[in-house]
Amino acid sequence: MCMTADPMVQGGGETVLHRVEARIKVVAMVTFVILTAGMSATPYLLAALGIIGLLAVIARMPVRLLAGRLALVVPFSVLMLVVLPFTVPGEGVALAELGPLALVATREGLLQAQVLALRLANGVLAASILTFLTPFPVLMNALRGLRVPPILVTLMEFTVRYLFVLADEARRMQLSRQARDFRPRGFLWHSWTMSTLAQMVGVLFIRSYTRADRVYQAMLARGFSGHQPVRAGARVKASDLCWGIGITAAALTLRMMEVGGGMWLQLLK
Amino acid sequence: MAAVIEVEDLYYRYRDGTQALQGLTLTIPTGARVAILGPNGAGKSTFLLHLNGIYLPQQGKVRLLGRSLDGKNARWAKSQVGLVFQDPDDQVFAGTVWEDVCFGPVNMGLDAGEVERRAGQALRAVGMEDLRTKAPHHLSYGQKKRVAIAGVLAMSPSVIVLDEPMAYLDPRGKDNLLAILTRLHRDGTTVVVATHDVDMAAEWAEKVIIIKEGRTLAEGSTDLLTDPALVEAAELRFPVVTQIFRRLGNMLPPPHPKRVEEAAQYLRTLLEGHHK
Ligand SMILES: Nc1ncnc2c1ncn2[C@@H]1O[C@H](COP(=O)(O)OP(=O)(O)O)[C@@H](O)[C@H]1O
Ligand SMILES: [Mg+2]
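Taken in sequence, the protein lines are chains A and B. Note that the first sequence covers residues 85 to 353 in the numbering used here. Note that the second sequence covers residues 26 to 301 in the numbering used here.
For reference, chain B alone in the conformation it holds in the complex (with noise of 0.2 Å):
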């Protein structure tokens, strides 16, 4: 697979000394669902805030769909990414839903037509068009999140990158977040979720990328995740799932599962091998 984003050797560091990155290398494959995990401070946020030419790497690159990003790409750098902010607060700031659904597409240039569809087409993906005329401040936090994640699509971007998606969320919130991004994975756009949810990671992910302090400590599949001296450097924990299975100790030889399928794939064939 080819890679829509690569990171080589990128540093940042914010205006208070803060050394924020710190030779972050990664590759984010085309059409992939990618868990970026790390603790509070790792640099996720930061790192993300590269992804679309918010922040120039001040040293190492970062190329999206093979351009190395600079001053002069940076608005198209913005069409192929979308970025979703933690708090929808911060992003959704027009008076009404569909204003400010149409913030992004009217920023590139779109003729008004263009506009209305593309818009209506991001309320529909997240089930918010009944609610268009509504002043965001009259919203729920889990529908205001929906409206920041359609304010993103309705400007196709080929990346969309959500930075702790889940956070805040009610249980019924992470469900349709969860279905909204199945959907979009399955229309060809490559999902980046950054968070510290290492249950959504394993549920949910293709490839997950660990970092600490703005370096990379590992990349590769959800297997990483059950890698006790990875997830103790990480300062990160197992998923719930595998902790029970670890419990369990010698009794059930690793690998031990990590997503609620694969557990109860894993018991179903035990226990069916127990009745024979």
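This is chain A alone, in the form it adopts within the complex (with noise of 0.2 Å):
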């Protein structure tokens, strides 16, 4: 293999860190959320929270980019503020009347919503650096250096792959039905335009389950015969280490904190 970069087992970098071994970045970010997803005292996730944030900065990730990511858990995180405090049983702290109805909100409730949403921001900020810092088919490449299996791989690769045809022929017919003047005309209760969607889904179906069967054909048109090899990673430098052993210990220590803090308040009473 040319000992040049090869782009397909180290993306191109502008930062440090783009330039940390792909799967080392996969670790060390995988490892964070492990141990910041198992955390539950406020402070120490916006602590994490903070960590992720001095990473998206020396990433020079666009702010627009993190934030257009979060909004993605905004609608999960204000269901859960919704429906946690009024459901988990606790100290109540306010009342909601609807109609006949009476719903208690609790402290307990309340705080169990704040954690989950900070434990899921945690994650998706995490994974959204981690894919800013490494190209998809990078990313794919590390995973099976570490022994993901393959199959699982393989078929992250072919869903993105072909996720964009699919909407492609999504598209086309949509057009096409609107070219013949189909505006959808109601939900359930409309049976005509419930059937056109139906059909369509029908169609998309057979449509990517053929085109299944011709990839296949066209995958052994080219000798394929079960596996594909793993391009060999860069080789691992110390710097690489550092960073990677730096996050995950970064995450340790906030998540060591908890466990004592939590045993500290503990003697103290």
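Take the hints with a grain of salt, since some may be wrong.
[To be verified] Partner residues aside, some chain A positions facing chain B, computed with beta carbon under 7 Å:
#1 R153
#2 A155
#3 P221
#4 E241
#5 R245
#6 F248
#7 V249
#8 V299
#9 Q301
#10 A302
#11 L304
#12 R306
#13 G307
#14 F308
Hints listed in this document are in silico derivations from the structure and should not be mistaken for laboratory results. These numbers were taken from a predicted model, which means no experiment stands behind them. The C-beta atom is built at its ideal place from N, Cα and C for all residues, glycine as well.
From these two lone chains plus the hints, build me the complex, please.
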């Protein structure tokens, strides 16, 4: 393999973080998410969020991109903030009256919603930093290098590749329906609308099915025999390890402090 | 000229009962430019899938370089015959152009250095070396088509087979593709094209094979394309150039030209005779 940076193994790098070896990035970020997802004290979760923010700054990740990803979790967080306070039993802090229904929001519920929202934000932001730092093909190759079952990686690759083809097909079908003056005229109660949409989904399904057949034939035609090899990863340098250990250690420290802090509070009682 | 592929009395029936090939017999000469012509549903695509062992003969024989194809030599057949599918989205599946072109050579078990060398060469041959890190879904249709061809070239087959290669390409894309095919042929590859585009066949092919309903109607030179009985029977039409000369009726006796260059030559002689 050529010794110059292979674009499939190592994405081009604008910042130090971009240049960290892909497998190290994956392991560090996944560990970070696992450790912080186990935390349940707001201050430590906020600190973890702070670390992520710091990484985003070092990676020169555009704020708009980060905010966009965060917006993805907003609906879930709102849902939790609406549901949990009223469903988790505990000390009541607010009352909502919906006609005959009186709902009590509890302090415990609010706290739980807040913790879940923070964990979610942590996970999503960590994942988006990872994908920002690592081009998709490089990421997939890194997963193969980390012995993730090849079938899973191949599945992910195919999903991304054919999502675009499928979306294109759906868009073309939608356009041609519009060209013949089809408008959705209601939801479940409108049978013409529903049967048209159902047929479209059916056709899309059959098309994907027959396409899968042709893709497989085309792969066989080029001698495919069931497995795809891993491209050798770039050599891991000391600086790569430093970054990996640094990120992991930060998460680990927060986790330890949280556990330790809890014990410390117990002692004070 | 020796034959690289010989097909004898080939039958193929799909699971749903469609009899796609019924006694196909034909010969593809080594190093030739061959066009397989036939209306939609004639069995062209089904036949092409037999050429490198994706489908095996249910009855009859397909001989490649003298060897009769069966389950045992199907892998070898894949390294000898490169198949370019009609829709490049079916063929170009990997995350990047480069990975896709490496796919075939890697399956052949070549070492990394050789894979790199071949992939690089194949991408250069289709003029796509600058887009090697691109994702296929960011490419134009014509570009995807060229990547599909590169993916097959990288396996260095002795025969390259293309299914409806001109479909959906813009004029520039068609010219590009013809130039690539011409270069391949010049370098010694046998090039087979399945199409219903009679103009392309007339311009480009040395040999045409006309099939219908899974049988061979005729094989021979491009003169077949101006044979009225045959064109009628095959549900094809005359090349545009030929149509013009036929319109002029008895003024210009057959054989009528079918290629642009031929027609120009024909007219030149005619005009020169007129001025004398
Ligand atoms: N997967 C399939 N299953 C059943 N019938 C098929 C399948 N593919 C093609 N056919 C049928 O086989 C016949 C030949 O098709 P094909 O080889 O695609 O023709 P061509 O490429 O010349 O248009 C047609 O009647 C077609 O409907
Ligand atoms: Mg076809």
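Hints that the structure is at odds with (numbers, increasing): Violated hints: 1, 2; rest satisfied.
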